[in-house]
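Participant: Now for the letters of each chain:
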Amino acid sequence: MSKTFNKNQLAGLEEIAKELRREIVTMHALSGNSHIGSSLSVVEILIALYFYSLDLSPGCRGKKKDRLIFSKGHASSSLYAVLAKKGFFSKDLLKSYCVDGTKLAGHCIINCVPGIEASTGSLGHGLSMGAGLAIGMRAEREKHRAFVILSDGECQEGSVWEAAMFASQHKLDNLVAIIDYNKLQAFGKTSEVMDLEPLSKKWFSFGWEAREINGHNLPQVIKALSEAPFKKDKPSVIIAHTVKGKGISFMENQLLWHYKSPNKDELRKALRELD
Amino acid sequence: MRTAFIKTLIGLAEKNERIFLLTGDLGFSVLEEFKEKFHGRFINAGIAEANMIGVAAGLALTGKLVYVYSIVPFVTLRCLEQIRNDICYQRLNVRIIGIGGGLSYGTAGGSHYSLEDIAIMRAMPDLAVVAPGDPLETESLIKESINYDGPLYIRLGKGRDPEVHKKIKSFKIGKGILIKPGKDIGIISTGNILFNSLKSAELLLESKIDPAVLSMHTVKPIDRIGLARFVKGKKAVFTVEEHDVDGGLGSAVAEVLSEMPDKINFKRIGVNPPVKILGSQDYLRAKLGLDPKGISEKIKGFLKKWKIKK
Chain U
7 MSKTFNKNQL AGLEEIAKEL RREIVTMHAL SGNSHIGSSL SVVEILIALY FYSLDLSPGC
67 RGKKKDRLIF SKGHASSSLY AVLAKKGFFS KDLLKSYCVD GTKLAGHCII NCVPGIEAST
127 GSLGHGLSMG AGLAIGMRAE REKHRAFVIL SDGECQEGSV WEAAMFASQH KLDNLVAIID
187 YNKLQAFGKT SEVMDLEPLS KKWFSFGWEA REINGHNLPQ VIKALSEAPF KKDKPSVIIA
247 HTVKGKGISF MENQLLWHYK SPNKDELRKA LRELD
Chain R
150 MRTAFIKTLI GLAEKNERIF LLTGDLGFSV LEEFKEKFHG RFINAGIAEA NMIGVAAGLA
210 LTGKLVYVYS IVPFVTLRCL EQIRNDICYQ RLNVRIIGIG GGLSYGTAGG SHYSLEDIAI
270 MRAMPDLAVV APGDPLETES LIKESINYDG PLYIRLGKGR DPEVHKKIKS FKIGKGILIK
330 PGKDIGIIST GNILFNSLKS AELLLESKID PAVLSMHTVK PIDRIGLARF VKGKKAVFTV
390 EEHDVDGGLG SAVAEVLSEM PDKINFKRIG VNPPVKILGS QDYLRAKLGL DPKGISEKIK
450 GFLKKWKIKK
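Chains U and R, in that order, are what the protein sequence lines are. Counting from 1 along the first sequence, just add 6 to a position and that's the residue number in the numbering used here. Counting from 1 along the second sequence, just add 149 to a position and that's the residue number in the numbering used here.
Think of the hints as simulated: they come from the structure by calculation, not from any bench. Glycine included, every Cβ here is placed at the ideal spot set by N, Cα and C. Possibly wrong hints are sitting among the right ones.
To be verified - Once the Cα atoms are required to be at most 30 Å apart in a straight line, the calculated BS3-like pairs of lysine-lysine come out as:
hint	chain 1	residue 1	chain 2	residue 2
1	R	Lys-184	U	Lys-70
2	R	Lys-456	R	Lys-416
3	U	Lys-189	U	Lys-240
4	U	Lys-237	R	Lys-184
5	R	Lys-184	U	Lys-240
6	U	Lys-149	R	Lys-315
7	R	Lys-442	U	Lys-177
8	U	Lys-71	R	Lys-164
9	U	Lys-70	R	Lys-456
10	R	Lys-442	R	Lys-307
11	R	Lys-184	U	Lys-177
12	U	Lys-238	R	Lys-184
13	R	Lys-416	U	Lys-177
14	R	Lys-307	R	Lys-186
15	R	Lys-442	U	Lys-70
16	U	Lys-149	R	Lys-164
17	R	Lys-184	R	Lys-307
18	R	Lys-186	U	Lys-240
19	U	Lys-149	U	Lys-229
20	R	Lys-458	R	Lys-348
21	R	Lys-307	R	Lys-348
22	R	Lys-186	U	Lys-238
23	U	Lys-91	U	Lys-266
24	U	Lys-149	R	Lys-456
25	R	Lys-315	R	Lys-348
Claimed, not checked - For each label pair, taking beta carbons as the anchor points, the in silico distance ranges come out as:
hint	chain 1	residue 1	chain 2	residue 2	range
26	R	Ser-429	U	Gly-164	54 to 60 Å
27	U	Asn-223	R	Gly-258	42 to 48 Å
28	U	Ser-102	R	Pro-422	44 to 50 Å
29	U	Gly-93	R	Asn-165	35 to 41 Å
30	U	Gly-164	R	Lys-315	45 to 51 Å
31	R	Gly-160	U	Gly-65	47 to 53 Å
32	U	Asn-223	R	Pro-422	54 to 60 Å
33	R	Pro-274	U	Leu-99	45 to 51 Å
34	R	Gly-189	U	Pro-64	56 to 62 Å
Could you build all of it, start to finish, from the sequences and the hints given here?
Facilitator: Structure (structure tokens):
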């Protein structure tokens with residue numbers, strides 16, 4: 007992807023980030039569902055992908071397109087918000103997130119709405135599926151790429167490392183993993199529960215080409231995405247350093263907001279900050 | 150059965166470029182020909198079954214028809230959640246091929262037995278569970294698997310499984326095959342114990358009991374209509390399987406029979422794990438009463454208990 011990228015466009019994307027965050031906090035307030043912090047940390051990554059990097063649009067059917075697996079399925083509200091903004095389905099549907107009779111579950115379900123292309127929710131499944139997509143696309147001599155968004159806590163799952171070994175063994179340079187490294191998991195800091203560090207060294211040693219970026223800096227995210235694969239014959243991983251609860255001062259870096267959802271007052275405060 | 154599987158798959162893969170074969174580093178001296186002929190469509194995924202199932206799901210999402218091969222416990226229990234979430238919940242065209250049904254890996258010990266797989270795989274949504282009874286059923290099943298829509302679990306024996314059929318007129322997933330007609334009792338069998346089930350029927354015939362034998366290769370979806378027809382007029386019905394007596398074919402048949410209006414004399418014959426003795430498959434079968442003599446004696450015992458004369 008070598009589209010031009012100027013200041014006006016950046017301002018536009020930053021405005022979209024605010025809008026998506028407004029949608030997300032509202033969805034969690036209406037439903038009382040958990041994982042708002044995880045949804046807020048991945049917003050810029052999704053915007054960079056859907057508004058810039060991915061060759062994937064609502065109308066595009068069939069095989070010739072980029073593929074995305076949202077392996078951190080618990081942050082589905084973020085993905086729904088970006089898909090609705092891109093026109094995959096009506097924004098009105100967002101109000102139904104996690105309420106009785108909804109199509110929008112707390113974790114992704116394949117084809118529940120257009121744009122959700124794999125079921126996720128149990129951590130450690132997505133990278134393997136992404137590797138399968140990458141092999142399938144390569145067999146078709148497809149030039150498109152498979153993207154997988156993982157959470158940091160997810161990298162504690164052994165299956166992630168099975169997939170990591172597999173992808174480098176098979177030289178899947180059409181596979182790009184993005185880790186939303188927000189440093190917090192259910193019970194506390196990732197470093198205190200089961201430390202991932204040295205994370206980029208781990209990926210390098212598994213035969214990947216790794217790059218660390220600020221996952222809220224849109225130009226950095228876009229640059230990294232557009233430069234992947236970083237090396238021929240190697241899968242790429244973008245370790246995106248992020249802040250859990252990003253964008254809402256009282257949620258940022260607060261463990262509480264892994265599970266809590268905003269009440270009316272908190273929603274009002276959050277929306278004011280996102281104005 | 151392994152040989153029947155791979156030979157058939159190779160024949161199909163010549164014409165169907167969608168076919169991929171993944172193995173968890175098993176099938177040495179079995180899978181080589183496929184590997185050589187269809188280089189890009191053979192993947193040894195290493196000893197990492199959870200990943201292998203996920204990769205299979207990803208491949209199926211791109212429209213491939215994926216066969217995943219390993220020994221039963223490794224390709225079912227080890228990666229069960231991947232099977233449920235990635236394959237069954239997404240209803241993908243993946244065929245899980247489990248080698249070593251029942252006690253095929255006799256002296257290898259319990260780690261390699263498959264005595265719970267049918268019960269567990271039967272609980273997976275939308276997953277058809279098929280245990281062919283001999284090499285010819287295996288061949289027919291693999292041919293049929295190309296056109297089957299949805300995920301499949303295929304439980305095979307190992308190397309030298311004896312032939313029961315000379316010819317199979319029509320094979321359909323979900324439809325039992327009558328192996329031998331008989332007027333007195335019914336024996337329903339699944340998987341590679343079919344040969345012994347048939348031989349036990351021949352022994353019973355010597356005692357003037359005439360059993361009908363049904364190969365119920367598909368345990369899920371169970372052939373309700375075929376079952377109803379098969380048990381009609383029988384004085385007693387037995388299931389035979391090389392699997393835990395709970396949860397497998399016997400349970401599936403019991404579920405159907407218990408919902409039928411007429412009560413029928415019914416007994417499940419199988420294994421009660423854990424198996425604490427070691428030896429070849431034939432040795433274990435004999436010790437556990439799953440050789441032809443053991444099966445026929447058990448059946449005679451129950452008939453006597455129920456006071457059923459031929």
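Participant: Now tell me, hint by hint, if it's right for this structure.
Facilitator: Outcome of the hint check:
1. R:Lys-184 x U:Lys-70: holds (28 Å)
2. R:Lys-456 x R:Lys-416: Satisfied, since the Cα-Cα distance of roughly 14 Å is no more than 30 Å.
3. U:Lys-189 x U:Lys-240: Answer holds: Lys-189 of chain U to Lys-240 of chain U is near 26 Å, not above 30 Å.
4. U:Lys-237 x R:Lys-184: holds (28 Å)
5. R:Lys-184 x U:Lys-240: With a Cα-Cα distance of about 24 Å, the restraint between Lys-184 of chain R and Lys-240 of chain U holds, given a limit of 30 Å.
6. U:Lys-149 x R:Lys-315: violated (49 Å)
7. R:Lys-442 x U:Lys-177: violated (55 Å)
8. U:Lys-71 x R:Lys-164: holds (27 Å)
9. U:Lys-70 x R:Lys-456: Since the Cα atoms of Lys-70 of chain U and Lys-456 of chain R sit roughly 69 Å apart, the hinted pair is violated (cutoff 30 Å).
10. R:Lys-442 x R:Lys-307: holds (22 Å)
11. R:Lys-184 x U:Lys-177: This hinted pair holds, its Cα atoms lying about 19 Å apart.
12. U:Lys-238 x R:Lys-184: holds (25 Å)
13. R:Lys-416 x U:Lys-177: Answer violated: Lys-416 of chain R to Lys-177 of chain U is near 54 Å, above 30 Å.
14. R:Lys-307 x R:Lys-186: Distance of about 23 Å is within 30 Å: holds.
15. R:Lys-442 x U:Lys-70: Judged against 30 Å, a Cα distance of about 60 Å means the pair is violated.
16. U:Lys-149 x R:Lys-164: Roughly 25 Å between the alpha carbons, so the hint for Lys-149 of chain U and Lys-164 of chain R holds.
17. R:Lys-184 x R:Lys-307: holds (20 Å)
18. R:Lys-186 x U:Lys-240: holds (26 Å)
19. U:Lys-149 x U:Lys-229: holds (19 Å)
20. R:Lys-458 x R:Lys-348: Roughly 21 Å between the alpha carbons, so the hint for Lys-458 of chain R and Lys-348 of chain R holds.
21. R:Lys-307 x R:Lys-348: Holds: Lys-307 of chain R and Lys-348 of chain R sit about 20 Å apart, inside 30 Å.
22. R:Lys-186 x U:Lys-238: Distance of about 27 Å is within 30 Å: holds.
23. U:Lys-91 x U:Lys-266: holds (25 Å)
24. U:Lys-149 x R:Lys-456: violated (72 Å)
25. R:Lys-315 x R:Lys-348: Within the cut-off at roughly 15 Å; holds.
26. R:Ser-429 x U:Gly-164: 54 to 60 Å: Violated, at about 35 Å.
27. U:Asn-223 x R:Gly-258: 42 to 48 Å: violated (56 Å)
28. U:Ser-102 x R:Pro-422: 44 to 50 Å: holds (47 Å)
29. U:Gly-93 x R:Asn-165: 35 to 41 Å: holds (37 Å)
30. U:Gly-164 x R:Lys-315: 45 to 51 Å: Given about 48 Å between the Cβ atoms, the range holds.
31. R:Gly-160 x U:Gly-65: 47 to 53 Å: Violated - the Cβ-Cβ distance for Gly-160 of chain R and Gly-65 of chain U, about 40 Å, lies outside 47 to 53 Å.
32. U:Asn-223 x R:Pro-422: 54 to 60 Å: holds (57 Å)
33. R:Pro-274 x U:Leu-99: 45 to 51 Å: Because 26 Å falls outside the window, the suggested range is violated.
34. R:Gly-189 x U:Pro-64: 56 to 62 Å: 32 Å Cβ-Cβ, so the 56 to 62 Å window is violated.
Of the hints listed earlier, those the structure fails to meet are numbers 6, 7, 9, 13, 15, 24, 26, 27, 31, 33 and 34, in rising order.
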